[in-house]
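**Student:** What follows is the residue order along each chain.
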Amino acid sequence: AQSVTQPDIHITVSEGASLELRCNYSYGATPYLFWYVQSPGQGLQLLLKYFSGDTLVQGIKGFEAEFKRSQSSFNLRKPSVHWSDAAEYFCAVGAGNAGNMLTFGGGTRLMVKP
Amino acid sequence: DGGITQSPKYLFRKEGQNVTLSCEQNLNHDAMYWYRQDPGQGLRLIYYSQIVNDFQKGDIAEGYSVSREKKESFPLTVTSAQKNPTAFYLCASSRRDEQYFGPGTRLTVT
Numbered sequence: 001a002q003s004v005t006q007p008d009i010h011i012t013v014s015e016g017a018s019l020e021l022r023c024n025y026s027y028g029a030t031p032y033l034f035w036y037v038q039s040p041g042q043g044l045q046l047l048l049k050y051f052s053g054d055t056l057v058q059g060i061k062g063f064e065a066e067f068k069r070s071q072s073s074f075n076l077r078k079p080s081v082h083w084s085d086a087a088e089y090f091c092a093v094g095a096g097n098a099g100n101m102l103t104f105g106g107g108t109r110l111m112v113k114p
Numbered sequence: 115d116g117g118i119t120q121s122p123k124y125l126f127r128k129e130g131q132n133v134t135l136s137c138e139q140n141l142n143h144d145a146m147y148w149y150r151q152d153p154g155q156g157l158r159l160i161y162y163s164q165i166v167n168d169f170q171k172g173d174i175a176e177g178y179s180v181s182r183e184k185k186e187s188f189p190l191t192v193t194s195a196q197k198n199p200t201a202f203y204l205c206a207s208s209r210r211d212e213q214y215f216g217p218g219t220r221l222t223v224t
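Residue numbers (the numbering used here), protein chains in the order written: chain X, 1 to 114; chain B, 115 to 224.
Certain hints may be false.
[As the list claims (entries may be wrong)] Derived coverage of chain X by chain B (criterion: at least 3 residues anywhere in the stretch with Cβ under 8 angstroms from a Cβ of chain B; other residues may be distant):
no.	segment
1	77-83
2	100-113
[To be verified] Computed list of lysine to aspartate or glutamate pairs in EDC-like fashion (alpha-carbon distance at most 20 angstroms, straight line):
no.	chain 1	residue 1	chain 2	residue 2
3	X	K49	B	E212
4	B	K197	B	E138
5	B	K184	B	E138
6	X	K49	X	E20
7	X	K49	B	D211
8	X	K61	B	E212
Treat the hints as calculated values from the structure; they're not laboratory data. In this text, a Cβ means the ideal position worked out from N, Cα and C, and glycines have one as well.
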C-alpha cells in the first residue's frame with residue numbers, strides 16, 4: 001500500500017528566508033506526486049505535480065520540488081518566503097491512472113515570522 | 115468559471131440526525147471524491163465515484179452514504195451511525211491525473 005510521510009508537523013521561518021518542506025513516500029511503482037496548499041478553512045490548491053521527466057518541477061507562487069527516487073522523497077522548496085505563504089501544505093502520491101486515487105501526508109503547517 | 119461548489123460552508127446538526135452535504139462540479143470530470151479532514155490528520159478518503167451510478171468505499175466509509183445519479187453531483191450523507199461526525203469535509207473531482215477541490219463544509223454535531 002502506498003503511504004506518504006511529512007515528518008514536520010509545524011515549521012516556522014522568517015519572512016524572506018528559504019523554505020524546504022519534506023515529503024517521503026512509499027510506492028511500488030513510479031509515483032505521481034503532488035503538493036497542495038490549504039489556507040485556513042479553505043479547500044486545497046495544487047502547487048505542483050510530478051509525473052515523469054525532469055525531476056525538478058516548478059509550480060505556482062514561486063515553489064519548486066525535486067523528485068529523488070533513491071531517497072523516495074519529493075521535497076518542496078521556496079527561495080524566499082512571503083507572509084502570505086503561511087498555510088498548511090500537503091504532499092500526496094497517486095497511481096496516475098483514471099480515477100487517480102491519492103494518498104495524502106498528514107500535512108505541515110507553515111508559520112511565517114515578520 | 116468552472117469549479118467545484120460545496121454548500122453550505124458551515125452546518126450545524128443535533129446528534130442523531132442525518133445530514134446531507136452537497137457537492138457540485140461543472141468541470142465535466144468523471145471521478146469525484148469525499149474526504150474528511152481532522153486537525154493534524156491530513157485527509158482521509160470516505161467514498162469515491164469513477165463514473166455515474168457507481169461508487170466505492172474509501173478508508174473510512176462507516177457511517178456515511180453517497181449517491182451519484184448525475185455526473186455533476188456527488189452528495190454525501192452523514193448518518194447517525196457516524197460516531198464522530200464533527201469535521202471538515204472536502205469534495206474533489208478529477209478527469210485524469212489531478213484532483214480539484216471544493217472549498218469544504220465544516221460540520222458541527224452537538
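**Student:** Take the hints in turn and mark each one as holding or not.
**Tutor:** The hints, checked one at a time:
Restraint check on the segment 77-83 of chain X versus chain B: 0 residues with Cβ-Cβ distances below 8 angstroms, three needed, restraint violated. Using a Cβ-Cβ cut-off of 8 angstroms, 7 residues of the segment 100-113 of chain X lie near chain B, which meets the minimum of three, so the contact claim holds. For the proposed pair K49(X) and E212(B), the alpha carbon gap of about 8 angstroms is at most 20 angstroms, so the pair holds. Of the pairs offered as hints, the one joining K197(B) and E138(B) is violated, with about 26 angstroms between alpha carbons and a cut-off of 20 angstroms exceeded.
A hinted pair counts as satisfied when its Cα atoms are at most 20 angstroms apart, and K184(B) with E138(B) qualifies at roughly 10 angstroms. A threshold of 20 angstroms between alpha carbons decides the hint, and for K49(X) with E20(X) the separation of about 16 angstroms falls inside it, so the pair holds. The suggested pairing of K49(X) with D211(B) holds, with an alpha-carbon distance near 9 angstroms, which does not exceed 20 angstroms. Between the alpha carbons of K61(X) and E212(B) the distance comes to roughly 18 angstroms, so the proposed pair stays at or under 20 angstroms and holds.
Checked against the numbered hints given earlier, the structure breaks hints 1 and 4 and satisfies all the rest.
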